[in-house]
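Enquirer: Heads up: the protein sequence lines correspond to chains A and B, in order.
The letter at position 554 of the first sequence is residue 870 when you use the working numbering, and the numbering goes up by one with no holes.
The letter at position 353 of the second sequence is residue 1452 when you use the working numbering, and the numbering goes up by one with no holes.
It cannot be assumed that every hint is accurate.
Claimed, not checked - List time: in silico DSS-like cross-link candidates among lysine-lysine, alpha-carbon distance up to 30 Å:
#1 B:Lys1155 with A:Lys381
#2 B:Lys1232 with A:Lys673
#3 A:Lys630 with A:Lys641
#4 A:Lys630 with B:Lys1255
#5 A:Lys813 with B:Lys1398
#6 B:Lys1232 with A:Lys420
Hints listed in this document are in silico derivations from the structure and should not be mistaken for laboratory results.
Note that the coordinates shown come from a computational prediction; the quantities given were computed from them, not determined experimentally.
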Amino acid sequence: MKELRFRIIMIAGAIALCLYLLYPTYKDYQNNKEVTAQLEGLQQSIKKSSPSLANAQIKDIIASKKDSILTNNPDYRSAREKRIKLGLDLQGGMYLVMEVNTAKLLEKLARDPDDQFKQALKSSEAELKDSDENVVSILARKMKQQNIRMSRYFGSIREDDDAITSKLLQQESDAVTRAIEIISNRVNQYGVSEPSIQKQGSRRIVIELPGIAREEEAKRLLQGSALLEFKLVKDADFAIPIMNQIDQALAGKTEKDSASAKKDDASKTDTTKKDQKLTDEQFAKEHPFFAVARLLDPQGRIADAYVKESDKSKINAFLENPEVKKVVPDNIEFIYDQRPEMDPDGEKYYRMYMVNKEASLTGGVIVDAQSNIDPTTSAPIVNMQMNTEGSRDWAQITGSNINKRCAIVLDGVVYSAPNIIGKIPSGNSQITGSANLDEAKLLEIVLKAGALPAPIEILEQRTVGPSLGQDSISQGFNSAWISYLLVALFMAFYYKKAGTFADLALVLTILLSLGVLAAFQATLTLPGIAGIVLTMGMAVDANVLIFERIREELATGKTPKAAVDAGFKISFSAIFDSNITTLLTGIILYQFGSGPVQGFALTLIIGIVTSLFSQLILVRIIFDFILAKGYKINVG
Amino acid sequence: MRIFQNLNIDFLGKRTIFYFISATLILLGFINILTRGLHLGIDFKGGTEIALQFEKPVDITQIRNDVNKLGLGGVEAKTFGSSNDILLRTDLQEIPANIIPKVKSKIESIISNTFPGLQRRIADSTSTTITIKFPDSRTADILNNKLFEAGFQTSKAIDDTANASVIVRLTISDLLKENLSAMYKSNPFIVLKEDKVGPKVGQELKRDAVIAVMLSLVVILIYISFRFKFTFAIGAVAALFHDVLITLGLFTFLYGLIPGLNLEFSITVVAAFLTLIGYSMNDTVVVFDRVREHLKLHKTLSLEENMNKAINRTFSRTIITGLATLFSVIVLIIFGGEVLRGFAFALFIGMITGTYSSIFVASAFVLEYANRTHKKIEF
Chain A
317 MKELRFRIIM IAGAIALCLY LLYPTYKDYQ NNKEVTAQLE GLQQSIKKSS PSLANAQIKD
377 IIASKKDSIL TNNPDYRSAR EKRIKLGLDL QGGMYLVMEV NTAKLLEKLA RDPDDQFKQA
437 LKSSEAELKD SDENVVSILA RKMKQQNIRM SRYFGSIRED DDAITSKLLQ QESDAVTRAI
497 EIISNRVNQY GVSEPSIQKQ GSRRIVIELP GIAREEEAKR LLQGSALLEF KLVKDADFAI
557 PIMNQIDQAL AGKTEKDSAS AKKDDASKTD TTKKDQKLTD EQFAKEHPFF AVARLLDPQG
617 RIADAYVKES DKSKINAFLE NPEVKKVVPD NIEFIYDQRP EMDPDGEKYY RMYMVNKEAS
677 LTGGVIVDAQ SNIDPTTSAP IVNMQMNTEG SRDWAQITGS NINKRCAIVL DGVVYSAPNI
737 IGKIPSGNSQ ITGSANLDEA KLLEIVLKAG ALPAPIEILE QRTVGPSLGQ DSISQGFNSA
797 WISYLLVALF MAFYYKKAGT FADLALVLTI LLSLGVLAAF QATLTLPGIA GIVLTMGMAV
857 DANVLIFERI REELATGKTP KAAVDAGFKI SFSAIFDSNI TTLLTGIILY QFGSGPVQGF
917 ALTLIIGIVT SLFSQLILVR IIFDFILAKG YKINVG
Chain B
1100 MRIFQNLNID FLGKRTIFYF ISATLILLGF INILTRGLHL GIDFKGGTEI ALQFEKPVDI
1160 TQIRNDVNKL GLGGVEAKTF GSSNDILLRT DLQEIPANII PKVKSKIESI ISNTFPGLQR
1220 RIADSTSTTI TIKFPDSRTA DILNNKLFEA GFQTSKAIDD TANASVIVRL TISDLLKENL
1280 SAMYKSNPFI VLKEDKVGPK VGQELKRDAV IAVMLSLVVI LIYISFRFKF TFAIGAVAAL
1340 FHDVLITLGL FTFLYGLIPG LNLEFSITVV AAFLTLIGYS MNDTVVVFDR VREHLKLHKT
1400 LSLEENMNKA INRTFSRTII TGLATLFSVI VLIIFGGEVL RGFAFALFIG MITGTYSSIF
1460 VASAFVLEYA NRTHKKIEF
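Build the full structure now, drawing on both the sequences and the hints.
Expert: So this is what it looks like as structure tokens:
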């Protein structure tokens, strides 16, 4: 009995642990219901405001809205983060495999490509289709065969072919890094929850964007090359009065008050001091804009402001306000820094800049960029070269804006806003002020995005709409319980009381499987659910083997206790060997598959392990308990 | 309840009958594959597949005609679950050259409707993209958005220093969706799923699938030789080949015969094959384990007699586990939804063949091999 108690405690512990691990998933499910209820009214209002939308489209809009509430609202976020992760096929989303088109990159990099070069490149490209080799090395080989030196098109004359080849491979890998940066930048702007962007091999990028409900958003993410622009940052003298006006307009002060508002502008420092005495609530009421956009410099020398991540949408809403629109000139815009800064509480703040809406220059003029360490100051720097056309414009821009800042903007996000120190006549500029070499390297990548648009091709693109995902979840859920019911009834019918023990073990198997999924933060996919459903059928196998054996042993006239002992003992080798083979194929499947198929392999593997645990240990405990109490055993 | 108590059937004595049945099934499968071909999904062939859900039920023949009118050629249209849902599929990687002028004129008309008489120039035109240069960046911005709203994938061209060029990407799926939404204005649709697979990825997946199946067979061969005897491993792997071939044959044979069942070869079907390998092996190992036990107990009996005993003794377990698993698989076919149906159906055939082979052929293969090599098997 004592030994039995230990095993019971172990099982109870496992159950408790699983329930603990699964609680966030349950909580998230409850939150989901709550938010669905909140959004009930929305469907009607959308229908009223835009009757042209189809029901299904409205459903999609609401699904995406729900998703964004559940991931962004702090009340719901923690449950969402710890719940069992759902694969793209269940929550909707997009899976992409992209590859850098090295041939195109080579064509862009080549100096004066002639017909001979184009010919060689074309045949290398053709050869690539049925080989794993890299275009660069195929091209290098072809050139060698024709006795052409690589240095004729790439690098400098003194370099030998090997050096050039390795440089070109580096360029290729840089292009991948650049593409990843550009895509991450866009993904962050769209606020996709739990995105995954990974480099695979030397030139592939695998992107998973869950919950992108609206197809258009996803397309925007993928559209063409990145847009790099140089935009002048507005001076404080210009920006702060406008910000004040926005603030006043939002606070509900009418045009008539603008005179007093102007006075406020003049004594901005006073206002802020006075405001400090106000409570946060009052401040937010009187200065709605400044409550959200905190000025970096209270003296008002520069007009940059910090905005909390969650407040970005508020700012957007403010700027849409018709009263505000009246006071904001239409040639300026507010844009954010690419990287947030954390306050001690872990809250993310983004620096907001007021810039000219129209770009002074676009990135197409950049010829090259290099990050480096300045030999004299040992500070990280980035050198940037422009073409002749760009240099001319740049000289004019820098000449007339000395001591102003110029933001380097990629796809609408600021990567750096260096101060213009003097007129740059040659187009060769040096950007200082990066915090470290990594930051400088990032800036180099961004600047090169203008010079060398990474030629990226989409190899594979899979999109699942949220409604199909929802359907899949409910179909998977239904299959699971129906399957359980059938198998459980069958077992109870065939093996009587012992069959119900197996049914109990099956419940434990499912609970443990889900617990393990949650513990490892593994992703549940639709084939994964299929794996669980299949486990229901296959998991009773060990018990079937044992029960059949007990029957046989009882038939030979053994005592119940001896029969149970023998049943468990003798069946073990068959159970072990048969499960190992299934496990092995499961592991191979996991290696081979991607996304959904991996999900299936995973639940299958977990199912094998957990079902063995519950069938061998839980069912044994029940048998031992019955035998110890002296009850009769019944295996049908 | 007991169904198969004290069973005593001479399975191995009748093995020629089962060889005949298996050989016929495999042969029919081969002939079928040779004549009708393997129906590869876009996972392996490359291509585009879109599933659309219409607001109201649609007539599939009507859709088929409408899609054919586009002149793309080779676009299949099928129902996808309910009568509101359809699946469009094509192997085409890019829009055929004869359609491009149509698309171009559509783009032109959008531009003309927005800015009548606007100066523009097609800077570059390939089979996948068209680059249009506009007089200034503001017009380019506006048209970029206009074309995007019209369903095209557009972006500003970066290499234009004046920032006034727009790249329009031409994809089959956009073309299909755009035309269908124009044709079915009164019955709008949403996109349930959309898959695009390039030919390169298809090739790689094909290779990976073959490697995975072969690798699992090799691993099983090694494991069984290690735990049992090499003779058993040969029999087991032969039985697995047998299962895979029969399932493959039946799966391709039933393609298109069962209405509403989409039986083409996709990655998930390959996953089903690997699962079937695992399951069938599981079943066979249980029988082998019993053979091993009997060989240790009854050293005087012949291998054939011991095998017959073992199969008879494990018969009940084989059927019960097989039934329980089959219940789950049938539930998946019925309730698992359109996405899983092909996968579940492959498993359904596989489970039956796997159970059949572990009773009737796996041990027979071992016996055959042992007789040929005149090896005495002892544990």
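Enquirer: Would you mind marking each hint as holding or not holding in the structure?
Expert: Quick rundown of the hints versus the structure:
Distance check on the hinted pair: B:Lys1155 and A:Lys381 sit about 25 Å apart at the alpha-carbon level, within 30 Å; holds. Distance hint between B:Lys1232 and A:Lys673 is fulfilled; the C-alpha atoms sit about 22 Å from each other, no more than 30 Å. Using a Cα cut-off of 30 Å, the hinted pair A:Lys630 and A:Lys641 holds, with the two alpha carbons roughly 15 Å apart. A distance of roughly 29 Å separates the Cα atoms of A:Lys630 and B:Lys1255; the hinted pair therefore holds under the 30 Å criterion.
As the CA atoms of A:Lys813 and B:Lys1398 are separated by approximately 37 Å, the hinted pair breaks the 30 Å bound. Distance restraint check for B:Lys1232 and A:Lys420: the Cα-Cα separation of roughly 21 Å lies within the 30 Å cut-off, and the hinted pair is therefore satisfied.
Going down the numbered hints, you'll see the structure goes against just number 5.
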